[in-house]
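Q: Residue strings, one per chain:
Protein chains: 4
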Amino acid sequence: MTTSTSTMPIFKRRESDARSYCRGFDTVFTSARNAEMTDAQGRTYIDFLAGCSSLNYGHNDPDMKAALVDYIMDDGVAHGLDMHTGAKGAFIETFETHILKPRSMDHKLMFVGPTGANAVEAAIKIARKSTGRTNVIAFTNGFHGVTQGALAATGNSYHRGGAGAPLSGVTRLPYDGYMGKDVDTADLLEQMLLDASSGLDAPAAILLETVQGEGGLNAASGPWVRRIAELAKKHGALLIIDDIQAGCGRTGSFFSFDDMDVQPDIVTMAKSLSGFGLPMGLVLVRADHDVMGPAEHNGTFRGNNHAFVTARVAIEKFWSNDTLKTDIKRRAKLIEDGLKTIADMVPGAYLKGRGMMRGVDVGSGDLAGAICAEAFENGLIVETSGPNDEVVKILAPLTIEDGTLAKGLDILIQAAAAKTETTKIAAE
Amino acid sequence: MTTSTSTMPIFKRRESDARSYCRGFDTVFTSARNAEMTDAQGRTYIDFLAGCSSLNYGHNDPDMKAALVDYIMDDGVAHGLDMHTGAKGAFIETFETHILKPRSMDHKLMFVGPTGANAVEAAIKIARKSTGRTNVIAFTNGFHGVTQGALAATGNSYHRGGAGAPLSGVTRLPYDGYMGKDVDTADLLEQMLLDASSGLDAPAAILLETVQGEGGLNAASGPWVRRIAELAKKHGALLIIDDIQAGCGRTGSFFSFDDMDVQPDIVTMAKSLSGFGLPMGLVLVRADHDVMGPAEHNGTFRGNNHAFVTARVAIEKFWSNDTLKTDIKRRAKLIEDGLKTIADMVPGAYLKGRGMMRGVDVGSGDLAGAICAEAFENGLIVETSGPNDEVVKILAPLTIEDGTLAKGLDILIQAAAAKTETTKIAAE
Amino acid sequence: MTTSTSTMPIFKRRESDARSYCRGFDTVFTSARNAEMTDAQGRTYIDFLAGCSSLNYGHNDPDMKAALVDYIMDDGVAHGLDMHTGAKGAFIETFETHILKPRSMDHKLMFVGPTGANAVEAAIKIARKSTGRTNVIAFTNGFHGVTQGALAATGNSYHRGGAGAPLSGVTRLPYDGYMGKDVDTADLLEQMLLDASSGLDAPAAILLETVQGEGGLNAASGPWVRRIAELAKKHGALLIIDDIQAGCGRTGSFFSFDDMDVQPDIVTMAKSLSGFGLPMGLVLVRADHDVMGPAEHNGTFRGNNHAFVTARVAIEKFWSNDTLKTDIKRRAKLIEDGLKTIADMVPGAYLKGRGMMRGVDVGSGDLAGAICAEAFENGLIVETSGPNDEVVKILAPLTIEDGTLAKGLDILIQAAAAKTETTKIAAE
Amino acid sequence: MTTSTSTMPIFKRRESDARSYCRGFDTVFTSARNAEMTDAQGRTYIDFLAGCSSLNYGHNDPDMKAALVDYIMDDGVAHGLDMHTGAKGAFIETFETHILKPRSMDHKLMFVGPTGANAVEAAIKIARKSTGRTNVIAFTNGFHGVTQGALAATGNSYHRGGAGAPLSGVTRLPYDGYMGKDVDTADLLEQMLLDASSGLDAPAAILLETVQGEGGLNAASGPWVRRIAELAKKHGALLIIDDIQAGCGRTGSFFSFDDMDVQPDIVTMAKSLSGFGLPMGLVLVRADHDVMGPAEHNGTFRGNNHAFVTARVAIEKFWSNDTLKTDIKRRAKLIEDGLKTIADMVPGAYLKGRGMMRGVDVGSGDLAGAICAEAFENGLIVETSGPNDEVVKILAPLTIEDGTLAKGLDILIQAAAAKTETTKIAAE
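Chains as they are written, first to last, in my numbering: chain A, 1 to 428; chain B, 1 to 428; chain C, 1 to 428; chain D, 1 to 428.
Heads up, some of the hints might be wrong.
Note that the list lumps identical chains together, so a pair holds whenever it fits in one copy or between two copies.
[Unchecked claim] Taking lysine-lysine and the DSS-like style, the derived pairs with C-alpha atoms no more than 27 Å apart in a straight line are: (1) K317 / K12; (2) K101 / K12; (3) K340 / K407; (4) K317 / K333; (5) K12 / K329; (6) K333 / K181; (7) K329 / K317; (8) K325 / K65.
The set of hints was computed from the structure by calculation and includes no laboratory data.
Model the full assembly from the supplied sequences, consistent with the hints where possible.
A: Right, here's the structure in full:
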């Protein structure tokens, strides 16, 4: 690979060492369309990362693009704090019509600072204020962001260490499946909730992802999530589902919990919500827990009007009928087949995740990393996940053309073959 | 005012009660240009709020707008996580050329989640990691955001109460002028730092705004800031200047501390950085404190490429020569004169702030609120500030046309006259 | 019962509502000898509470009493801060000879404020300072005291609630047996320690009781404790065994872990250490973790010289040969037989604890309370334990005469019979 | 000095490095009477330390001693948890008669674990529970103990560092006189309480010592304490006076605040309360703040019956008439004169404290330490105080014979003369 020579030296000279993805994908990208990105040398890459699930509808969707350009050309309000704007009103109406009403959700929309972490921070504050309690239950391998409140709920030790100070206010419990197939970890939660001497302080909230995107694509079962929801309700805690990475269609339906027969008290959203990759954060909160006073959780960029424009188009285009859901189902099968091929190459490897949030645990971070690096050499952007980066994770745009998906899977399978072959040879 | 009848009911029905600015400015805005906003009824308002200093260059600057539309039309990368993009590289180069180099700053650029709060969270984490200490010194009336780490440093009790849990890790000390003219509050800081039994834990950082935008436009003197900087250095703490609201020209120069002969270890930026009101956050950190590892402080929207495009244009257009600085100086004088007229109407009232970050303390939140409400009736968007909202605050775009500025000041003066007259009559 | 009329009104008038044991045992005690207490009316009670295991050698042991009176008569130093005294030196030498040397323990003696809670606070501080970590792992149903640091490690929600503020710095995990017989809870600990994304911060210490005295007489198995010890060692955490209630012979040997083949890094002691019921606290810490500097953990009453005098006699009299151990074994069997008789009366009841730290779980706090109240009417002091006070707990002096023990057990059995009969009748 | 050769090696071999006073006073004490201690070699020392104010009535007072021995000989209850005992009842009645009633105090007595730190921990918990707030205001140079809750309120950085973790829940403000004579530090407290944006969370309690025993004998003025009391009341905070070191006559009256016209909501007591140097802790709490439920703040040694016996005698003997008060006044004058003599030897030296809680600030810890070491060589036990140990502190028994006091002062003056002479010579 010769792209590194073309990388502008300005990044090395002036960008903080905290930069990360650019290290693994060491080129300068300039343009992108649906599932493909092009760099300054004109080379095109298939994108199986999709902004970590922020580009579920691909790059530069033409309809969103047109609407956004029109809005800008008309001097539409770009920044209006949290004042009413036409763009905001139109988004809320669309969201109500296509998302909330069909699900009989009475939730209010609370626009927060345009990041997922901000949505999680707000959700935790709402739960604490609404219940008068402080303890938040979060799970092993959960990832909820790196600002102090969200980071306390995040499991990853590398990120936690970045705090430089102890994190508090969160009790950690084992996620579904963490103790093996024979143990229902909800039993432990229930016992600790019932036991007046367990040391578990009465929780303000139980916070979970239905699929742990950063934690290794662990997918909770519907019954487990439903039981957690019941325990939350019974013990006066709010159920917060962090749908930042798993939401917006990633698992096959708009919300990741659509088929689980639960109604969370709070849902956090960000990433693909704007549809176009623009920063946007949102908290959905049941009307009776909508307890934050005016500006009590404030912020300058609550309400990114450009994002409202594209988000509205995204909902209308993709969630007013079932076309996308059908597409996802078909593509998910293709991905599953591809990953099974890889799993067959690595003893002990197994598939993880669900919908188009899938991966294969190849048992070691070194191997997974090598496969991804090899794939990038061959024109595919794909990343690892999991506590030890041992999962090769596919987060392709939901809108990826079937042919491009097949091509990307081929590259990945070849990369896996090359690296497992290498490993075998080295071992011999 | 009849605008309320035209407000779309969707907001009331579905937007969280946490919404705030829309309550005082109860109409639906649709378009905006430089210092004027237009609502759905076609009514135009002069904007003395400017997105709380997020729109220093006005709404929809034509050069930024053109560059942004071109970028979108060319399918420029909208979202690329923190991968290298051409837009990012160009921004960094421009920022280095026009901002860092002329000031001999060796700082690195750390792109963080696109909010000011995220920049503050990152800054605190950097300071803690770099020093191995946890205590952060912040000041009375400081405002740094409402996520848990930033909120601990924020003074406002209403926002602090929103946490629903005790906040820790911050020691609060009196800001410049807090104890009256005869007491240099830096003396107290110094004594506590020197005293092994003061109870002040060795600080990781001292965090301050040079002008407290939300805290009532208190402006610290240069000598005080310099002394704090020296104390920080002597005692091994990092000096963090939160320039989110006061930066980007608001006080007359790019950084609010440009004339103070201090070089902060860390500067936090957001609000007007993108130039166009798009979400963007940035931490400037001296190279030797650039200690965060790859992705240690991560986030999906680090690197809003649309914002990079407009931010580059903003720097090039406004900070490659002294035109804007000259304009600010002239306009600041107009504002000062206008505010003096108001101050003369209210016994005990006095001016606050500096540059184009000015206000008048009218002694009561009720009066200040009444003035702003009256002004809005007459076509001016203007807000209050301070612990009891007792300061009428002007944050007009730096680029406001002189005529528009004069017109806005007239509306404000008339509003003040009407409300002080009312008060007098009521008192008689 | 008519004793309440004899209770001095001064207690009700002036003693805080925080008083507790005096409510269940509502009389005024004046004198006591070995296993019997006498009240102001001259009524004598058998003592199956023994100061919650603070009077393992009974009340007013004649040898300790004689030595103490001699010491006082000779104007022995009563209070000497932590200066060297003859009484202290003699105690340490005796403790070294009969306790430490036979076990090849290199531990240092750190005299702390004369309470168990203070010993736990010191132990936690030592672990944090020695490891540079802050997280302490404690277990469900653990009880370690009610000062802020110790209370964070205590599981009981009533006591935790008394803090009036969130408690932090402790991770709670399930104790041995908490998840039923089929789950080894050490597996969960191990997995979380190995998993870089479990959210379990690297622990400074693992803190446990081998038998949970307040938590319901749950007894950990030797293999479980040994495995915890191994995990602590492997992962750089200190093992703290809180032997405050279970130590000093209560389970059959001087330390409760004597037969478990583990050597804790830190042991906390109090309660029966002085032998005479006098306040005394002690931390045993391995020499290489003896990291507290001079007075870094200080306190006025470190070193209660009267307690040193009686503690020395206690060690010499009871731990220089095996007589007491033999006695405990025999008495423990008598207690076990008596409790089995009670267990047979209550469907589902079962025995808990080990050694002379035994009880019977009768399934409900109401029934257990009723049995204890009935027993007190008939001259027996006995208390409940457990998260819902559902365990009738026997903590008789280890030195109780066999006849007195039998008599006390008879009273308890009769009380259980009466109350279970009542329950049956009521149920019919 | 040759005493070190006579020190038993057991201390060095087995006592923790945390031991402290024994380092400066390196001999083995065996007996003591009033103001004199005798070591194993038969050497007698005058005691100007008095157990850090724990022996206000001297060592082994004959009346207390007689009562205690009688009690023990009669098999009086030594340990009864917090059950009613005759000894406890008699103490409470005496305390009510001679201490509470004459001051019209309606306070309840809450017996806590027998240390001052435990009393402070309980006081903070009461305040938090009673107010529903968590923040506690404490002052520069305050010392309240080293368990986690109390340590958070303690100013000393060496002790704070011993926590090994950040301490929270306390806001630190400058004590009376901290900012020089021209600044009333209560002004800062008032302003921060009134300012909704000061960052000072509404306090549960304001905690202070009227004379800071460990912090350098800083004495607050009556008006300052009164103003703090008024601010506490006005802002819904409880006033906690920590009278552990300054109480029991040390400043001239039973409580250190007797002449200040304030009535604290809570008073913490320990040290000299038992009269005999036995461990005892007590919280006095106004009836309407007596909110702790039964055993909510519990502990094994609440209620040290031996201490009740001696404490009762102490109250009866010393506080049923004014003899001791008269004696203290006279002896305080002698001490003041002696310290003035020393102050005259050291440029810049000045007296600190009040009553028989006095010292001289000699400007350097080295000099103060050298004076104390020299004094010990010559038969006087005396210690330093202050953030840098720069104060030579006299805490002689209140009952010291005038002749012994004079003799001790002579030794101290000679030591000061020798060391200042040395310093002068060295400087020349």
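Q: Work down the list of hints and note, for each, if the structure agrees.
A: Hints and how they fare:
1. Taking CA atoms no more than 27 Å apart as the test, K317 paired with K12 passes between copies only; the shortest distance there is 26 Å, against 40 Å inside one copy.
2. When the C-alpha separation of K101 and K12 is checked against a cutoff of 27 Å, the pair qualifies only between copies, where the shortest distance is 16 Å, while the shortest distance within a copy is 49 Å.
3. Taking the shortest Cα distances, K340 and K407 sit within 27 Å of each other inside one copy (16 Å), while across copies they are farther apart (70 Å).
4. When the C-alpha separation of K317 and K333 is checked against a cutoff of 27 Å, the pair qualifies only within one copy, where the shortest distance is 23 Å, while the shortest distance between copies is 51 Å.
5. Taking CA atoms no more than 27 Å apart as the test, K12 paired with K329 passes in neither setting, with 42 Å inside one copy and 37 Å between copies.
6. In the homo-oligomer, the alpha carbons of K333 and K181 lie at most 27 Å apart inside one protomer (25 Å), although the nearest pairing across protomers, at 41 Å, exceeds that limit.
7. Taking CA atoms no more than 27 Å apart as the test, K329 paired with K317 passes inside one copy only; the shortest distance there is 18 Å, against 49 Å between copies.
8. When the C-alpha separation of K325 and K65 is checked against a cutoff of 27 Å, the pair qualifies only within one copy, where the shortest distance is 22 Å, while the shortest distance between copies is 36 Å.
In the structure shown, a violation is registered for the earlier hint numbered 5 alone.
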